[in-house]
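Trainee: Given the sequences, and given the hints that come with them, work out the whole structure.
Going by this note's numbering, the sequence shown opens with residue 12, and the numbers climb by one from there.
To be clear, the hints were calculated from the coordinates, so they are not data collected in a lab. Just so you know, these numbers come straight off a predicted model, no measurement behind them. The beta-carbon is built from N, C-alpha and C at its ideal position, and this holds for glycine as well. Hints may be right or wrong, so weigh each one.
[What the hints assert, rightly or not] No more than 25 Å apart at the CA atoms, straight line, and that leaves these computed lysine to any residue pairs for SDA-like:
#1 LYS25 - ARG155
#2 LYS25 - PRO36
#3 LYS25 - GLU114
#4 LYS25 - PRO52
#5 LYS25 - ASP91
#6 LYS25 - ALA154
#7 LYS25 - PRO70
#8 LYS25 - ARG92
#9 LYS25 - GLY151
#10 LYS25 - ARG110
#11 LYS25 - GLU50
#12 LYS25 - ALA45
#13 LYS25 - GLY149
#14 LYS25 - GLU106
#15 LYS25 - ARG49
#16 LYS25 - PRO48
#17 LYS25 - PRO150
#18 LYS25 - GLU59
[Claimed, not checked] Derived Cβ-Cβ restraints for the label pairs, each shown as a range:
#19 GLY128 - ASP157: 16 to 22 Å
#20 GLN60 - THR88: 18 to 24 Å
#21 ASP157 - GLU50: 16 to 22 Å
#22 LYS25 - PRO144: 29 to 35 Å
#23 ALA113 - ARG56: 30 to 36 Å
#24 PRO144 - ASP91: 37 to 43 Å
#25 GLY135 - ASP80: 21 to 27 Å
#26 ASP157 - ASP80: 29 to 35 Å
#27 ARG172 - ASP91: 20 to 26 Å
#28 GLU83 - ASP33: 19 to 25 Å
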Amino acid sequence: MARSNRLALVSSAKAPLWRGLDYGPAVVVLSPTATRPRELPEAWRPLEQLYQVAWCAVPPQAGGAGSLDRLEDVLETLADRATRTQVVAHTALTEVACRVVAEFPEIVRGLVLVGQGRVREQTGVPTTVVAVPGDPVGPGALARPDVVADIAEVLAAGERRIRTRPRLAGVLGLAVASDTPGGIAVGG
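Mentor: Written out as structure tokens, the structure is:
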């Protein structure tokens with residue numbers, strides 16, 4: 012049976028917003044909104060110099076059905092390039108973020124959750140919660156300069172950890188099996 016080529020038009024307000032580097036480490040931001048911003052929030056602009064940034068709107072109601080397909084497309088693009096990626100998500104999207112981490116373990120190196128609460132399940136990657144006071148924490152928290160400064164710190168620590176592991180393994184005469192916890196294996 013012949014496969015049909017399906018062309019799906021996605022409104023620009025729902026398509027992921029890509030900014031920053033053409034290649035290099037990536038940050039995928041999951042925002043609990045119906046549409047993405049026209050531009051990155053001002054506080055994120057310095058991070059454009061360090062990362063590929065993909066800002067994805069994922070409405071939390073109904074699981075963000077169509078948004079999840081677009082999110083998977085973003086991660087498949089990064090996986091095709093073997094791009095090390097960190098995911099930043101509002102805590103309203105913790106379940107979605109954990110699914111992304113589980114589905115793309117070969118590229119996702121860290122998870123940063125913004126808001127209140129804690130992760131109830133193992134993610135397989137270093138996971139940090141950037142606490143934001145307020146009840147409930149709105150989606151605008153992802154754009155607050157003080158919160159973005161904390162996110163940037165966590166992302167930088169993750170990049171240092173990623174770069175140090177292979178160097179440390181080489182010094183110790185070990186081969187690196189993966190970047191997941193316990194990923195250094197004897198050999199080499």
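Trainee: Hints first: check each against the structure and report whether it holds.
Mentor: Structure-based check of all given hints:
1. Taking the CA atoms of LYS25 and ARG155, the gap is near 22 Å; set against the 25 Å cutoff, the hint holds.
2. For the given pair, LYS25 sits about 23 Å from PRO36 by alpha-carbon distance, which is consistent with the 25 Å threshold.
3. Our distance criterion of 25 Å between C-alpha atoms is met by LYS25 and GLU114, whose separation comes to about 22 Å.
4. Distance hint between LYS25 and PRO52 is fulfilled; the C-alpha atoms sit about 16 Å from each other, no more than 25 Å.
5. Simply put, LYS25 and ASP91 have alpha-carbon atoms about 22 Å apart, close enough for the 25 Å limit, and the pair holds.
6. With a CA separation close to 18 Å, the supplied pair LYS25 and ALA154 stays within the 25 Å bound.
7. A threshold of 25 Å between alpha carbons decides the hint, and for LYS25 with PRO70 the separation of about 10 Å falls inside it, so the pair holds.
8. The straight-line distance between the Cα atoms of LYS25 and ARG92 is roughly 23 Å, inside the 25 Å bound, and the hint therefore holds.
9. For the hint pairing LYS25 with GLY151, the CA-to-CA distance comes to about 17 Å; that is within 25 Å, so the pair holds.
10. Using a Cα cut-off of 25 Å, the hinted pair LYS25 and ARG110 holds, with the two alpha carbons roughly 20 Å apart.
11. About 13 Å separates the Cα atoms of LYS25 and GLU50, which keeps this hinted pair within 25 Å; it holds.
12. For the hint pairing LYS25 with ALA45, the CA-to-CA distance comes to about 7 Å; that is within 25 Å, so the pair holds.
13. Distance check on the hinted pair: LYS25 and GLY149 sit about 19 Å apart at the alpha-carbon level, within 25 Å; holds.
14. Of the pairs offered as hints, the one joining LYS25 and GLU106 holds, with about 20 Å between alpha carbons and a cut-off of 25 Å not exceeded.
15. As the CA atoms of LYS25 and ARG49 are separated by approximately 10 Å, the hinted pair is consistent with the 25 Å bound.
16. Restraint check for LYS25 and PRO48: satisfied, since their Cα atoms lie roughly 9 Å apart, inside the 25 Å limit.
17. Distance check on the hinted pair: LYS25 and PRO150 sit about 16 Å apart at the alpha-carbon level, within 25 Å; holds.
18. Using a Cα cut-off of 25 Å, the hinted pair LYS25 and GLU59 holds, with the two alpha carbons roughly 20 Å apart.
19. A hinted range of 16 to 22 Å holds for the C-beta pair GLY128 and ASP157, which are about 19 Å apart.
20. A beta carbon spacing of about 21 Å between GLN60 and THR88 agrees with the range 18 to 24 Å that was offered as a hint.
21. Taken as a hint, the range 16 to 22 Å holds for the pair ASP157 and GLU50, whose Cβ atoms sit roughly 20 Å apart.
22. As the Cβ distance of LYS25 to PRO144 is approximately 31 Å, the hint placing it in 29 to 35 Å holds.
23. Between ALA113 and ARG56 the C-beta distance comes to about 31 Å, which sits within the given range of 30 to 36 Å.
24. Our hint of 37 to 43 Å for PRO144 and ASP91 holds, since their Cβ atoms are close to 40 Å apart.
25. One distance hint, 21 to 27 Å for the beta-carbon pair GLY135 and ASP80, holds here, with the actual separation near 23 Å.
26. Between ASP157 and ASP80, the C-beta spacing of about 33 Å keeps the proposed range 29 to 35 Å intact.
27. A C-beta distance of roughly 24 Å is found between ARG172 and ASP91, which places it inside the suggested range of 20 to 26 Å.
28. Between GLU83 and ASP33 the CB atoms are about 21 Å apart, so this pair conforms to the stated range of 19 to 25 Å.
Of the hints listed earlier, there is not a single one the structure fails to meet.
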